[in-house]
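Visitor: Sequence:
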Amino acid sequence: MELDKLDGKRQEQESHARGSSPEGRVALGAAGGLGKAIATELRERGADVHGVDIVSEGVFHADLSTASGNRDVVAYVLATAPDILVLNPGCQFIATLDQFPDAEWNCLRSVMLDGPFFALKAAWPALTKSSGACVVVTASPVSYGGRARRLRTVPRSGPR
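Numbering (our numbering), first residue to last: 4 to 163.
It cannot be assumed that every hint is accurate.
What the hints assert, rightly or not - In silico SDA-like cross-links for lysine to any residue, where the CA-CA straight-line distance does not exceed 25 Å:
id, residue 1, residue 2
1, K124, E47
2, K124, S113
3, K39, S113
Stated by the list, open to error - The calculated label-pair distances, taken between Cβ atoms and stated as ranges, are:
id, residue 1, residue 2, range
4, L81, G61, 18 to 26 Å
5, V138, Q95, 22 to 30 Å
6, V58, S134, 31 to 39 Å
7, F103, G49, 42 to 50 Å
8, A40, S133, 21 to 29 Å
9, Q95, T69, 17 to 25 Å
10, F103, C137, 34 to 42 Å
11, F103, R48, 38 to 46 Å
12, W127, G61, 25 to 33 Å
13, D66, Q102, 22 to 30 Å
14, S133, F103, 21 to 29 Å
15, S134, Q102, 46 to 54 Å
Worth flagging that the hints you see were computed from the coordinates, not collected in a lab. Keep in mind it's a predicted model, so treat the numbers as computed, not measured. Just so it is clear, CB atoms sit at the ideal spot from N, CA and C, and this is done for glycine as well.
Turn these sequences into a full structure, and let the hints guide you.
Guide: In structure tokens:
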């Protein structure tokens with residue numbers, strides 16, 4: 004394990020010595036769920052993954068709901084020549100419309116809709132310089148039908 008510091012934030016990054024592993028792969032929201040699974044799979048294939056989340060051990064800490072948080076992540080990863088950007092933000096709050104707090108709605112929208120936009124905008128110049136770069140964006144399967152009563156699905160369907 005290698006410990007790095009960036010602006011006072013602690014980052015734990017695993018190095019992989021399996022063959023010619025690609026560098027700079029990013030799995031945003033890598034602390035749990037699908038993001039953690041994506042990060043694990045890429046690591047198992049030999050990639051040097053930079054996991055990011057607002058709170059968790061072993062990942063770069065950043066608020067991915069903000070433009071500045073996404074710029075911090077991209078600036079950190081640019082030092083390793085990113086070639087794949089995985090946009091998989093997520094958070095959850097469940098309530099009926101009449102009970103749904105404005106602050107929770109703003110959080111959901113910021114993390115799951117604004118965050119991917121800010122990340123892609125910040126990474127775009129570097130990604131377009133690489134002929135092999137790609138972007139993977141996840142969205143909720145309920146954006147194709149399902150639990151329409153879940154307000155959480157609205158911002159999660161935006162990247163679709």
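Visitor: State for each hint whether it applies.
Guide: Outcome of the hint check:
{"no.": "1", "hint": "K124 / E47", "in the structure": "violated (28 Å)"}
{"no.": "2", "hint": "K124 / S113", "in the structure": "holds (15 Å)"}
{"no.": "3", "hint": "K39 / S113", "in the structure": "holds (20 Å)"}
{"no.": "4", "hint": "L81 / G61: 18 to 26 Å", "in the structure": "holds (21 Å)"}
{"no.": "5", "hint": "V138 / Q95: 22 to 30 Å", "in the structure": "holds (24 Å)"}
{"no.": "6", "hint": "V58 / S134: 31 to 39 Å", "in the structure": "holds (36 Å)"}
{"no.": "7", "hint": "F103 / G49: 42 to 50 Å", "in the structure": "holds (43 Å)"}
{"no.": "8", "hint": "A40 / S133: 21 to 29 Å", "in the structure": "holds (25 Å)"}
{"no.": "9", "hint": "Q95 / T69: 17 to 25 Å", "in the structure": "holds (19 Å)"}
{"no.": "10", "hint": "F103 / C137: 34 to 42 Å", "in the structure": "holds (35 Å)"}
{"no.": "11", "hint": "F103 / R48: 38 to 46 Å", "in the structure": "holds (40 Å)"}
{"no.": "12", "hint": "W127 / G61: 25 to 33 Å", "in the structure": "holds (27 Å)"}
{"no.": "13", "hint": "D66 / Q102: 22 to 30 Å", "in the structure": "holds (26 Å)"}
{"no.": "14", "hint": "S133 / F103: 21 to 29 Å", "in the structure": "violated (41 Å)"}
{"no.": "15", "hint": "S134 / Q102: 46 to 54 Å", "in the structure": "holds (50 Å)"}
Violated hints, in rising order: 1 and 14; the structure is consistent with all others.
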